[in-house]
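Asks: Those protein sequence lines, which keep their order, are chains A and B. In this text, residue positions in the first sequence follow this note's numbering: the first is 246, and each later residue adds one. In this text, residue positions in the second sequence follow this note's numbering: the first is 9, and each later residue adds one.
Hints listed in this document are in silico derivations from the structure and should not be mistaken for laboratory results. Hints should not be assumed to be uniformly reliable.
To be verified - If you want the footprint, here are the derived chain B segments under chain A, 3+ residues with CB under 8 Å: (1) 18-27; (2) 73-81; (3) 101-115; (4) 135-149.
Said to hold, decoys possible - A few chain A residues that don't get close to chain B, going by computed Cβ distances all over 12 Å: (5) Ser-280; (6) Arg-326; (7) Tyr-370; (8) His-390; (9) Thr-392.
Where is the CB? At the ideal position from N, CA and C, for every residue including glycine.
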Amino acid sequence: MAIAEQQASPQAAQGSGDRSWHGIVLQTLKRNEISLIPYVPDRVLTPLIKNLHADPFFTTFATAREEEAVGIVSGAWMGGRRGAALMQTSGFATLANVLASLAVPYQIPLIMFVSERGTLGEFNYGQSLVCRTMRPVLDSLALEHHTITRLDELEFIADRSIKQAVTTQAPVALILNPLLTGGKVFDK
Amino acid sequence: MNIDLNARNTKVMNRFDVTSRLIAKLGSEEAVIGGIGNTNFDLWAAGHRPQNFYMLGSMGLAFPIALGVALAQPGRRVFALEGDGSLLMQLGALSTIAALKPKNLTMIVMDNGIYQITGAQPTPAANVADIVAIAIGSGLANSAWAADEEDFERLVDDAMAASEPGLIAVRIDDKPGVGTTRRDPVQIRERFMHGLGVREPL
């Protein structure tokens with residue numbers, strides 16, 4: 246659990262030297278020229294969302310639903326601008342239709358970061374159930390996905406996956422596991 | 009708010025006719041996003057152009073897709089055509105667009121109060137809700153019903169020079185689309201990207 250504790254400090258720096266999970270995600274997005282970030286918020290994603298808002302390189306904004314964010318990122322890609330959608334596990338569960346009817350058949354490199362709830366200490370039964378639907382949905386569409394558990398693997402997986410999504414014109418889901426982020430626990 | 013739905017004083021128009029009138033006005037490679045079903049069938053029938061994008065699913069996402077295009081290419085005007093039933097699936101998108109205020113996005117809603125393509129069942133909004141009132145309430149102050157075809161064309165002219173996002177609602181009849189879009193999603197997407205100058209053909 247050292248990794249989770251390591252990045253738990255709210256005073257984490259925002260610069261390029263920031264080795265927190267959210268600092269690495271932000272820098273990896275920037276390095277890959279991903280500047281449009283629609284999201285539906287999640288407690289664990291809060292430091293990432295806050296720092297994205299604070300950085301003028303990014304256009305960061307909330308959407309009412311996750312599929313709306315997918316539509317926006319898809320349109321932006323076709324217009325020549327790269328984006329990524331941020332969401333929680335329960336939000337991913339609303340996406341089967343738009344993945345199967347827009348992102349996959351139109352070959353759009355939809356990049357999704359999913360904060361994983363429902364496992365490793367989940368306290369809400371519904372969250373643990375909805376989490377179990379995520380990987381079967383991804384697998385049923387043969388959609389590339391990675392569950393990131395280690396800070397030392399995050400940059401490699403995120404950077405390579407983004408590049409692969411763009412070059413193969415295929416969506417990718419990067420699942421941020423509680424082992425990486427600390428997750429959300431009952432007393433928070 | 010007290011809305012008298014019979015007091016709109018709007019003519020019932022035809023989707024294909026209105027879509028054709030829009031296309032005839034486009035002279036600067038404006039992007040047009042056609043929502044699922046009859047909306048993009050009539051866009052297809054009005055004459056294919058490389059700057060048209062046709063949706064084959066993802067009901068309700070015409071405006072979000074158009075928003076993405078508008079944010080990617082702020083110098084290009086983007087029109088999005090959506091049915092009333094589709095819009096009801098994604099009303100939150102109106103607030104997202106109102107918050108972001110893209111200057112180059114114009115939304116057009118084809119409102120016949122029915123799910124024409126599935127058997128003309130009435131939508132839940134038919135006879136109770138007003139789409140322009142919903143849009144204004146969502147933060148899109150520049151929203152209006154087109155009274156007739158000439159008024160629609162005037163509203164489109166206004167939209168071309170607008171400095172804020174706008175929505176034009178058109179009451180239409182219950183006719184199906186005139187054509188049928190060729191259902192080739194990869195080619196649709198690729199042609200659209202060529203049309204937007206993002207890519208060159210191989």
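Asks: Now tell me if each hint is right for this structure.
Replies: The hints, checked one at a time:
1. With 0 residues carrying a beta carbon less than 8 Å from a beta carbon of chain A, the stretch 18-27 of chain B misses the three-residue requirement, and the given coverage is violated.
2. Remark: the stretch 73-81 of chain B is confirmed as covered by chain A, as 9 of its residues place a Cβ nearer than 8 Å to a Cβ of that chain, reaching the required three.
3. Residues of the stretch 101-115 of chain B with a Cβ under 8 Å from some Cβ of chain A number 5, which satisfies the need for three, so the listed coverage holds.
4. With 0 residues bearing a CB less than 8 Å from a CB of chain A, the stretch 135-149 of chain B misses the requirement of three and the coverage assertion fails.
5. Non-interface call for Ser-280(A) relative to chain B: violated, since the shortest CB-CB distance, roughly 10 Å, does not exceed 12 Å.
6. With a minimum CB-CB distance of about 4 Å to chain B, Arg-326(A) fails to clear the 12 Å threshold, and the non-interface call is violated.
7. At the 12 Å boundary, the C-beta of Tyr-370(A) stays outside the reach of chain B, the nearest C-beta of that chain being 27 Å off.
8. Non-interface status of His-390(A) relative to chain B is upheld: no Cβ of that chain comes within 12 Å, the nearest being about 20 Å off.
9. The Cβ of Thr-392(A) sits about 26 Å from the closest Cβ of chain B, beyond the 12 Å cut-off, so the non-interface label holds.
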